[in-house]
Amino acid sequence: MFKDLTLGQYFPVDSVVHRLDPRTKLVLLIMYIVAVFIVKDIWVFGLVIGFMLFMTAMSKVPLSYVLKAIKPMRVLLPLMFLLNLFMINSGDVIFSWKFITITTGGVRQALFIVLRLIALVTGASLLTLTTTPVSLTEGLERLLSPLKIIKFPAHELAMMMTIALRFIPTLLEEADKIMKAQLARGADLESGNIFKRAKAMLPILIPLFVNSFRRAEELALAMESRCYHGGEGRTRLKVLKFHMRDLWAFLIMAGLLAAVIILQNTLQIDSWMVSLLRPLWEKAA
Amino acid sequence: MLSVRNVSFSYENGSHALNDVSLEIERGEFVCIIGHNGSGKSTLAKMFNGLLLPTSGSVIVDGMDTADDEKMLDIRRLVGIVFQNPDNQIVTTVVREDVAFGPENLGVPTDEMIVRVDEALAAVGMESYAESAPHMLSGGQKQRIAIAGMLAMEPQVLILDEATAMLDPMGRKDILRIVRDLNKEKGITVVMITQYMEEAVGTDRMIVINDGSIAMDGTPEAIFARGDELRAIGLDVPPAVELRELLKKREIADCGDAMTLEELSSSLCRSLLKN
Amino acid sequence: MPIVIEKLTYTYQSGSVNAFTALHEIDLTINDGEFVGLIGHTGSGKSTLIQQLNGLMQPTSGIVKVDGYDMSDKKQRAKGRALVGMVFQYPDYQLFDETVYKDISFGPKNMKLDAEEVDRRVREAMRLVGLDFDEFAEKSPFELSGGEKRRTALAGIIAMYPKYLVLDEPMAGLDPAGRRAVLKMIDDFRKQLGCAVVMVSHSMDDIAKTADKVVVLRDGKIYTSGTPEEIFSRADELYEMGLEPPFAARLASELKRRGFVLPDGIYTNAALADALDAYKGGLGNV
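Protein chains in written order, with this note's numbering: chain P, 1 to 285; chain U, 1001 to 1275; chain V, 2001 to 2286.
Since the hints were derived computationally from the structure, they do not count as laboratory data.
Here the structure is a predicted model, which is why all the values come from computation and not from measurement.
Cβ atoms here follow ideal geometry from the backbone N, Cα and C, with glycine treated the same way.
Check each hint, because a few of them may be wrong.
Unchecked claim - Chain U is faced by these chain P residues, among others (derived, beta-carbon under 8 Å):
#1 V134
#2 T235
#3 A284
Chain P on its own, in the form it takes in the complex:
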């Protein structure tokens, strides 16, 4: 039943974004996050969003898929927006009624927080949509491997991730079988309060754990038999190679970062817009 389960949310199409080296994509994501955080001008943020839309278009992943990542935050986002809107008091007062005061600073901050969250989540989701968990793991291992000098277990970490990815579908399938075996013995998993239900899960969790430990033991034997002895002296079947497209991606990203920094320090559209719009709320008051 879980056989067709795809891990993560990889969207299998062939695109230039898919073909980027996973290391490039990871570094790009980090640079993108930096850009999202240093933007201080709400209009320059348009550039970041623009970049995001551009990458989505290049990746051939439908925008709706990328935006799906926001769905889990559908409660959090409006809440953050309202909190910031009402709590922050700086700049001009736009609206005031009893204890409620809305200021230009509040609007700015509220918009910012929501846009930042959306930008971050969609950016990360675009990475997982275009990169298989396997190549992500590989990319991480390579990127982190310089840290081996300070005894950071980059290889071990990657190995653990790989094994986890390999066994999650197997374990899900097993959990399903165990659940059925116990249901067939009349196990009641659905009624009663939370403690009762937690207790009712034991007949499923115990076999699952016992079997997992046995699996782990057998897997260790199998790995030893195949001469596994840690990361030392290991070669790889797949060698990651940088291509021209990776260079282009870096250049575009660097361009974006530069544009963000330069534009928001010279244009200051933000304060210009505020002064332009000021007569509106002054009239209202």
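Knowing the structure of chain P, use the given hints to seat chains U and V on it.
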């Protein structure tokens, strides 16, 4: 090739698994080790590549003692082992990369590794699954991948530790055919541990283990002629042999040492068929 | 009252692009006390079918009724499920409690039986599967050997006194002696408890020894069903399908092809020996 000398083994809880076992397996032999559950046959299998070390006695692989830590990688490269549970020996999420796992550990250069992986997958007939996810494969296919993973290390000995026990009849047949070919064409020494009597038919030599000791050692023909002794230790004979015994006991026909359907039907044609 | 299956179709992930129809308009009746052998190779729909028998899965269309209880209806399903005991292939999916005794009593306790009755049934079930009470009752199920685990798992179902006992590959992974013991055990329950048995097995030799009725599944459909004689006389056909018909049936068909005159419906070694004896005695020429 494999030399087991006066090996005894007891587990930490004190139970004796092997009792003064001695045995020589020659290069290129196709040996079947048979015994009931708990007879010690799987313990013996894990001795061949040093996963378990004898409590007393020694196991020598191509002149190297498995107790010698320095030689461990050399021994494991030489002796590939495929285990019972197809799910618990595949390490990575893509078939190709899993087959490469052994060579990667051995530090084989990438160019050579690609050749080895492709050859290994071809040898087990799984080329078209190179990019598949292992959890989408059937049990028999997973075992073929496990064998390919061993072949990519270019071993001289292949141990199958009840590798067919969890497979359906088709998967079992596939695996048997593949190891037979590997033995015949590539000269790989095969040691097959099993509890299916039929699997012993067609091997060069059959070793019966009972209670941690070798009970019988000889050709399948010779051993299946001792059906009553096999049954006495919880084993059996293949159905063809069972019928052959019955026909002989009831003095209907004497079919010699026929062990397969083909042999039995030919023999019956010779002795009974009218015109 | 029997288990009645009518036009049962089951589709995994129905409606999605990955939709896969595992069962296709199955009609099948399992009568009281009957021993039904279910064969078919991996992916033929066997596992899906047996999970329909106790409502672990429900039909996409069609009807499964256990003694009249409609397994598509949530309330009726609970009553129907109580009649169907199900033993899965690997005991490791089932064993969980601290002791063998407690584990076997899990099912009976879920049936809300009183303590005395539970105790009586656990003892009875252990006796039936050949686990000595004094030796095993207080052992942890995780310390047992493979064969003992399987007996414990079986006992856990037997203790629920099912009217229908469904077994998925109960002999997989056991050695010949273990296989014989389990097969005999299953036949014993059937006689003592009067239950019907549905057994899924790859090994048709095992089914040939005990089944009243054999059902062959192929690609989610019933390919054929009938008595062992009827089914196994088509040994060559089954063999072509990748199944393993009983050895005697295949040999009989091979011998006939080579000119022997033998009766139809031979599928055990004993029957084949009889037939060859008769043939030798000259009856074959008649």
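We went through each hint and held it up to the structure:
1. V134: holds, 5 Å
2. T235: Hint on T235/P: holds, closest Cβ of chain U at ~5 Å, below 8 Å.
3. A284: Because about 60 Å separates A284/P from the closest Cβ in chain U, which is outside the 8 Å limit, the hint is violated.
In terms of the numbered hints stated before, the structure departs from hint 3 and from no other.
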